[in-house]
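Q: Modelling step: build the complete structure from the supplied sequences, incorporating the hints.
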Amino acid sequence: MKKQKNKFYPDLILTAFLGLLIWVFFAVFYRHHLHYQEQLQLFLFTSDYFIESIVQPGGFAGYLNSFVTQFFYHSSTGAIILAVMLSSLHIQVSVISSIIGGKALYRPLACLPSLFFVLLLCHEDMLLSALIAALLVLSAVLFYALFKKNSLRIAYLLIMIPLLYWLVGFAVFIFPVFCLYYEWIIAKRINKRILAIISLIAVGLLLFVPLLAQLLQPQYPLSRFWMAGDYYRFVTHINPAIFYTLLSIIIIPVLTKWLPDIQKKGWRVGVRIVQFLLLFIVIDWIIGFGADWKKEELMGYDYYVRTKKWTNIIDKANKLPPDSPKTVAALNLALSKRGYMGDYLFYYFQNGSDGLIPNHTADYILPVMIGEIYYNMGLINSAQRFTFEAMESIPDYRKSVRCLQRLAETNLINKQYKVAEKYLTILQHTLFYKDWASDVLSFLYNEDRINAHPEWGELRRFMLKEDCLFMNEDKELLFTALLEQNPHNHVAADYLLAQNLLDKELIRFQDNLQKRIDTIGGETLPLSYQEALLFVQDLTGQSEGIYAYISDEIRQRYEAYKQARSGKAQPGTVIRENFGNTYWYYLHYLGGQLKMKNQVGNE
Amino acid sequence: MNKVNKTIYIIICGLIILIGCSEKPKDFNVTDELPTIFPDYKEVTIPAEIAPLNFTWMGEADRLYAIIADESGNRIEIGGKQGIQFPEKDWSKLLTANKGKSLRVTVSRKSAAKWVTYQSFSIHVSPYPIDFGLCYRLIAPGYEAYSKMGIYQRSLSDFTQTALIENSLVPGSCVNCHSFKQTDAQYMNLHIRGNHGGTLLKQGNNNELLSLKTDELISAGVYPYWHPSGKFIAYSVNRTQQAFHTHPDERVEVFDHESDVIVYDITSNRILTSPLLSTADFETFPAFSPDGSSLYFCSAQQRKLPEECKEVRYNLCRITFDAETGTFGERIDTLVHASAVNKSASIPRPSYDGKYIMYGLADYGSFFIWHNEADLWLLDLESGEQRALAEANSSYAESYHSWSSNSHWFVFASRRDDGLYTRLYLSSIDDNGNATKPFLLPQKNPAVNDGSFFSYNVPEFISSPVKLNIREIEQKILSPKRKQAVVIE
Numbered sequence: 001m002k003k004q005k006n007k008f009y010p011d012l013i014l015t016a017f018l019g020l021l022i023w024v025f026f027a028v029f030y031r032h033h034l035h036y037q038e039q040l041q042l043f044l045f046t047s048d049y050f051i052e053s054i055v056q057p058g059g060f061a062g063y064l065n066s067f068v069t070q071f072f073y074h075s076s077t078g079a080i081i082l083a084v085m086l087s088s089l090h091i092q093v094s095v096i097s098s099i100i101g102g103k104a105l106y107r108p109l110a111c112l113p114s115l116f117f118v119l120l121l122c123h124e125d126m127l128l129s130a131l132i133a134a135l136l137v138l139s140a141v142l143f144y145a146l147f148k149k150n151s152l153r154i155a156y157l158l159i160m161i162p163l164l165y166w167l168v169g170f171a172v173f174i175f176p177v178f179c180l181y182y183e184w185i186i187a188k189r190i191n192k193r194i195l196a197i198i199s200l201i202a203v204g205l206l207l208f209v210p211l212l213a214q215l216l217q218p219q220y221p222l223s224r225f226w227m228a229g230d231y232y233r234f235v236t237h238i239n240p241a242i243f244y245t246l247l248s249i250i251i252i253p254v255l256t257k258w259l260p261d262i263q264k265k266g267w268r269v270g271v272r273i274v275q276f277l278l279l280f281i282v283i284d285w286i287i288g289f290g291a292d293w294k295k296e297e298l299m300g301y302d303y304y305v306r307t308k309k310w311t312n313i314i315d316k317a318n319k320l321p322p323d324s325p326k327t328v329a330a331l332n333l334a335l336s337k338r339g340y341m342g343d344y345l346f347y348y349f350q351n352g353s354d355g356l357i358p359n360h361t362a363d364y365i366l367p368v369m370i371g372e373i374y375y376n377m378g379l380i381n382s383a384q385r386f387t388f389e390a391m392e393s394i395p396d397y398r399k400s401v402r403c404l405q406r407l408a409e410t411n412l413i414n415k416q417y418k419v420a421e422k423y424l425t426i427l428q429h430t431l432f433y434k435d436w437a438s439d440v441l442s443f444l445y446n447e448d449r450i451n452a453h454p455e456w457g458e459l460r461r462f463m464l465k466e467d468c469l470f471m472n473e474d475k476e477l478l479f480t481a482l483l484e485q486n487p488h489n490h491v492a493a494d495y496l497l498a499q500n501l502l503d504k505e506l507i508r509f510q511d512n513l514q515k516r517i518d519t520i521g522g523e524t525l526p527l528s529y530q531e532a533l534l535f536v537q538d539l540t541g542q543s544e545g546i547y548a549y550i551s552d553e554i555r556q557r558y559e560a561y562k563q564a565r566s567g568k569a570q571p572g573t574v575i576r577e578n579f580g581n582t583y584w585y586y587l588h589y590l591g592g593q594l595k596m597k598n599q600v601g602n603e
Numbered sequence: 001m002n003k004v005n006k007t008i009y010i011i012i013c014g015l016i017i018l019i020g021c022s023e024k025p026k027d028f029n030v031t032d033e034l035p036t037i038f039p040d041y042k043e044v045t046i047p048a049e050i051a052p053l054n055f056t057w058m059g060e061a062d063r064l065y066a067i068i069a070d071e072s073g074n075r076i077e078i079g080g081k082q083g084i085q086f087p088e089k090d091w092s093k094l095l096t097a098n099k100g101k102s103l104r105v106t107v108s109r110k111s112a113a114k115w116v117t118y119q120s121f122s123i124h125v126s127p128y129p130i131d132f133g134l135c136y137r138l139i140a141p142g143y144e145a146y147s148k149m150g151i152y153q154r155s156l157s158d159f160t161q162t163a164l165i166e167n168s169l170v171p172g173s174c175v176n177c178h179s180f181k182q183t184d185a186q187y188m189n190l191h192i193r194g195n196h197g198g199t200l201l202k203q204g205n206n207n208e209l210l211s212l213k214t215d216e217l218i219s220a221g222v223y224p225y226w227h228p229s230g231k232f233i234a235y236s237v238n239r240t241q242q243a244f245h246t247h248p249d250e251r252v253e254v255f256d257h258e259s260d261v262i263v264y265d266i267t268s269n270r271i272l273t274s275p276l277l278s279t280a281d282f283e284t285f286p287a288f289s290p291d292g293s294s295l296y297f298c299s300a301q302q303r304k305l306p307e308e309c310k311e312v313r314y315n316l317c318r319i320t321f322d323a324e325t326g327t328f329g330e331r332i333d334t335l336v337h338a339s340a341v342n343k344s345a346s347i348p349r350p351s352y353d354g355k356y357i358m359y360g361l362a363d364y365g366s367f368f369i370w371h372n373e374a375d376l377w378l379l380d381l382e383s384g385e386q387r388a389l390a391e392a393n394s395s396y397a398e399s400y401h402s403w404s405s406n407s408h409w410f411v412f413a414s415r416r417d418d419g420l421y422t423r424l425y426l427s428s429i430d431d432n433g434n435a436t437k438p439f440l441l442p443q444k445n446p447a448v449n450d451g452s453f454f455s456y457n458v459p460e461f462i463s464s465p466v467k468l469n470i471r472e473i474e475q476k477i478l479s480p481k482r483k484q485a486v487v488i489e
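Chains as they are written, first to last, in the numbering used here: chain A, 1 to 603; chain B, 1 to 489.
It is possible that some hints are incorrect.
[Stated by the list, open to error] For lysine to aspartate or glutamate, the following EDC-like pairs were computed, each having C-alpha atoms within a straight-line distance of at most 20 Å:
no.	chain 1	residue 1	chain 2	residue 2
1	A	418	B	249
2	A	415	B	249
3	A	399	B	450
4	B	81	A	48
5	A	337	A	455
6	B	148	A	363
7	A	418	B	250
8	B	99	B	88
9	B	310	A	467
10	A	418	B	40
11	B	310	B	258
12	A	319	A	296
13	A	465	B	250
14	B	231	B	184
15	A	418	B	60
16	A	415	B	450
17	B	304	A	474
18	A	465	B	373
19	A	434	B	60
20	B	101	B	90
21	A	399	B	166
22	B	355	B	291
23	A	418	B	373
24	A	308	A	435
25	A	415	B	417
26	B	304	A	467
27	B	114	B	27
28	B	148	A	52
29	B	476	B	166
30	A	415	A	448
31	A	415	B	418
32	B	148	A	48
33	B	148	A	125
34	B	231	B	322
35	B	437	B	373
36	A	399	B	144
37	B	444	A	48
38	A	418	B	418
No wet-lab data here; the hints were simulated from the structure.
A: Dropping the structure here:
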């Protein structure tokens, strides 16, 4: 009975609790990381895609990575899958600990590899391939122990090393370590000399297989074969965290065997408490340091932009104002799409016109956001270009389902139907986008249907008919061209005027507003426009025309603002509290120098 | 299920599959219409060495059946569900036996349980042989960023494609501008861009990494062309930029702020220049005449860019070159005065028999892959006559082109399939300069390009396979050592 009690069987309650914890973490708190991962895959249910994947060492794990990642389309489903995978890892580690004689006292430690994997997966460029590889390798280890005959076990060991290497990549090293540990320490059924030779052959195979792989795939450097598996999106970089996490899968079971057995009940309780404390510290570490909450926030904004949930973006900003160029850009797009930009632009943090359309950098994230903004204002070629650039910049050479969807749309709007058809036909081989693709395919070549479409039809009306060639994004020139083409392009109008305001180009702002007052102005003008106009009026003394739109309420508030500024109150306190949401505050305290100083004299 | 039953079951299944594969049309209707197959191989002229012209149906088809037969009654009959894939050995035998003759192809389609047999068409087997294969670059038709890309060789007699060099070999690199001495795979040039940049020069088994950038030059060598002696390579040197269109029919504009033409003397490691090739105007796309005595290039008047981008128009010019002394002539001849008719000529490629120069003609500029209006033109060097190669052109961009070693075939990059993804087409030219309807480079799976994100560009014929020791090349690229070329004024 005592023996049975001490046996290291999986603690299924702990497994269930671990799974639940992981599900809550990914489904509730870290779900946008799953959305982010999902958009950067293009899993196709085609034989070509399968073959293309598995011709690389570690390619099968990569194939399964894409297969699983596609389910992150629904973050709660994705979180379930992750919870199941990581719980399975816990069970596998527990069973292996049991096989190699781990002590039941140390069962909580078997959670550690799963938690380390959670830590690893908190990084947005860490792929699931490493976890999949670990699960497959441990399955192979468990299978090894089932062979009763020595010869069969050894044959299996030597065959599986190259096979597993090709299927899952460098995580294969776990396999011979466990197998040989089992033979040397646990089973002890094979003559030591023979076992030494077998061990040498196994190590030799581990070292030789990457060299052989390079002969078959010569267009890669050798380092790529040592680290085969593409567990990290930057496939040419070596991330040691992956190695340490995989190593923990070996260390923990071995530790459970070699740590001392304790018989005294009090001490046993103490040891358990210490282990749970350790788990708690690791979990706390994951939440406090491992998880990148700033990025989760950014990915949330990005997800809502992608899904056109503009109100969600504004709600999100109301809870915690965005402060990075990317999140501010997402918020500003949402404000414009909802028709709030002129009124509420300065209710949120602004720091120059980079927050409207961020400056392009050669990566695979920012261009997607830039492309979204251009798309929504009808600059379809620019949207197409940035989306294409983003897709081509994905470091592991994969394609993006999100980018492909957008490229299909831009080509459809541009009447490049054959190219759109190509992308849509590819998307028809996906699980979550095939219906969408089939629906869009039915629009091709049907001008009336496309023109009547609420989004594509409107964007076609916004598009520039005259060709314009540009190199550096002269954004004001583009916004102006769009408005000349279609004065009702309210996104372009918002962005033009917002750019003038954010750049503190007030004379240009006034000119641009004057030119478009018929389409922009109703009975009143948006708040920030009135505030800017009042500021100009205060400097120039003009009172005719456009200034009639300034309401008495704004005028009174401006007087109060001027008084506050002339008083002794510090800008950081009273003025910010009372006037932080006005254009005047931005003008004086944020976003660089006022550019109209030289034009209309000093304040 | 016992063992015997299982075996019988497997045999029956196998028979059903076999019968299914060879299902012949029965109770079929005949139509006068020609079959709508992809690629369009109807009435094309092909070399006897070419790989099977496999095709698929454009639209709905439950099954296809094709018969290809010669005048003597030799035939191949084949069915398929996704498309028609001819057996390679039978195909090769049939073509070899019919050089200079025509084959008739009859296609039947099964749809909604009914077979329809379409009007048959001819495929003409040319008497002119073609080279071993092609070398081309596969890259996404993008803007500035690029994902996986590389330079590949493809055997024309089968479907084997092998990578010569991919950018995965040295992360962060780009490979481009491969060039051969008159299709001779022993002499190859290609550029590697990026942190480990350089120009790879292959002469037989000797591989060298060059640095062609010097203080005197605008850039390192860009567009290359080998001298027939193998002792020189002409390059353009360019300061290039991209600009972007807003019109839905156009995407990218590539233009040079500055460009000159130089000649690299391989033996002495010297760069030869001429004031006539280094003017303030734009000189680019050099090409030696097959006897090596002339250097063709394109030249345009300098313009303010990008404002006057659409006014940059290149003429096709010539300067003499003395390979003995490494000196240039003192006069520039204009062979094609394209700017006079508000057109621009680019990528001159002389046929190796000395009869023609094939070049591209578009409304402006020199980077024609982004110009839908770009077409191929042929200049008859004997008569001076120029004509559009209407037989080969389409309403989309026709761009880079090159000649086979016997000058009876040319391959060119065209965007005719979908307007964006460049594919390779081959066409034949007879002794009178008449070209034939071009055919798409055949693929084992004719629909393979539908799911491909790559464009084929810079197609060059090669007479034999290129042999590269990729490990040696990798080491040389990663090594900081470069053979630095020197400019001689």
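Q: Looking back at the hints listed earlier, which ones does the structure fail to meet?
A: No hint contradicted; all consistent.
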